[in-house]
Each structure stands twice: as C-alpha cells, then as structure tokens.
Amino acid sequence: MGLLRMDNVAVVVDDLDAAVGFFAELGMELEGKAELEGDVPDRMVGLTGVRTSIAMMRMPDGHGRLELTTFHSPAAVTAAPAVPPANTLGLHRVMFAVTDIEDTVTRLRTHGAELVGEIVRYGDAYRLCDLRGPSGIIVALAEELG
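FYI, my numbering numbers position 101 of the sequence shown as 729, with every residue one higher than the one before it.
No lab work stands behind these hints: they were computed from the structure.
For clarity, every value in this text was computed on a predicted model and none was experimentally measured.
Keep in mind that a hint or two might mislead.
What follows is a set of in silico ranges between Cβ atoms, one per label pair, in the way DEER data are often shown [said to hold, decoys possible]:
no., residue 1, residue 2, range
1, Ala-703, Ala-753, 39 to 47 Å
2, Ala-753, Met-672, 36 to 44 Å
3, Val-668, Ala-753, 43 to 51 Å
4, Arg-735, Val-637, 17 to 25 Å
5, Ala-662, Glu-730, 30 to 38 Å
6, Leu-743, Pro-669, 33 to 41 Å
Backbone N, C-alpha and C fix where the C-beta goes; we use that ideal spot for every residue, glycine too.
Kindly produce the complete structure, drawing on both the sequences and the hints.
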C-alpha cells in the first residue's frame, strides 16, 4: 500500500500572524515559517508569479500539521461568500479534540473567534461547537465526556 499518512491540511489566510496566534492559542506549536516563490510553487499550484508566506503549525503530540498560507501574489480570491454557510461544497472545517471546551472558546475569543452556533451536547459522548476564526476558517471543537 502506498499511502503513509496525512501530512498536513493547507488553509489560505489573509493575515498569517493572526492565524498563527489563533492556532497557537488553541495549543498548536509553530514548526516554522518560510517564504516561497519561483518555478517550483508556480508549477505545483498551476499559477504564475506565486509569492507566498507559510507557517507550519504542529499538533502537540507531533502527529498532524496545519499549513497556513498567505498569498502575496497572485492575490487570494474569494470563490464563495465571505461567510459561507455550513452546506457550502468543499473543505468545511478542521476539528480538534480539547480537554475543556469552555476555556478553549474563551481563550480563542481573544483572537477574534466567534461561535457559529452554540456549544451543544451530543448524547453522553461529546460537547461540540463550531467557531469562526481568522479569514473565516471554521474550527470545530470536541470535548469528550466521561
């Protein structure tokens, strides 16, 4: 079998520092930042004149990463409404397991996060919520009960 692992999920953001701060507050660790431009990124993403800044955020356990990308050129585009509804086609959200959902929501609010709906209980298994973070990213939180 050729598949080894999921390496990362990339998210395009308009304010890289704000996004790094948001995900650091959530508990992710900044692995590194880089500036990318030239022939390799142009050919990989099928655009011309690509110049980006990226930040790689790593989960505390070392498994799983989130690549935050800001496009300096060509400028990022909005293909969907600025605040797309939950039933919009495409990548919807990233979910993280947390130990205290109330505390996490409170801390992320200091970085501009807003609840999409409300914190709900799913049977005896979880407390769940969706937050809208930097650049409209939807981040879901799950606190396991019991």
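Checked hints:
no.: 1; hint: Ala-703 <-> Ala-753: 39 to 47 Å; in the structure: 43 Å, holds
no.: 2; hint: Ala-753 <-> Met-672: 36 to 44 Å; in the structure: 40 Å, holds
no.: 3; hint: Val-668 <-> Ala-753: 43 to 51 Å; in the structure: 44 Å, holds
no.: 4; hint: Arg-735 <-> Val-637: 17 to 25 Å; in the structure: 22 Å, holds
no.: 5; hint: Ala-662 <-> Glu-730: 30 to 38 Å; in the structure: 35 Å, holds
no.: 6; hint: Leu-743 <-> Pro-669: 33 to 41 Å; in the structure: 35 Å, holds
Checked against the numbered hints above, the structure violates none of them.
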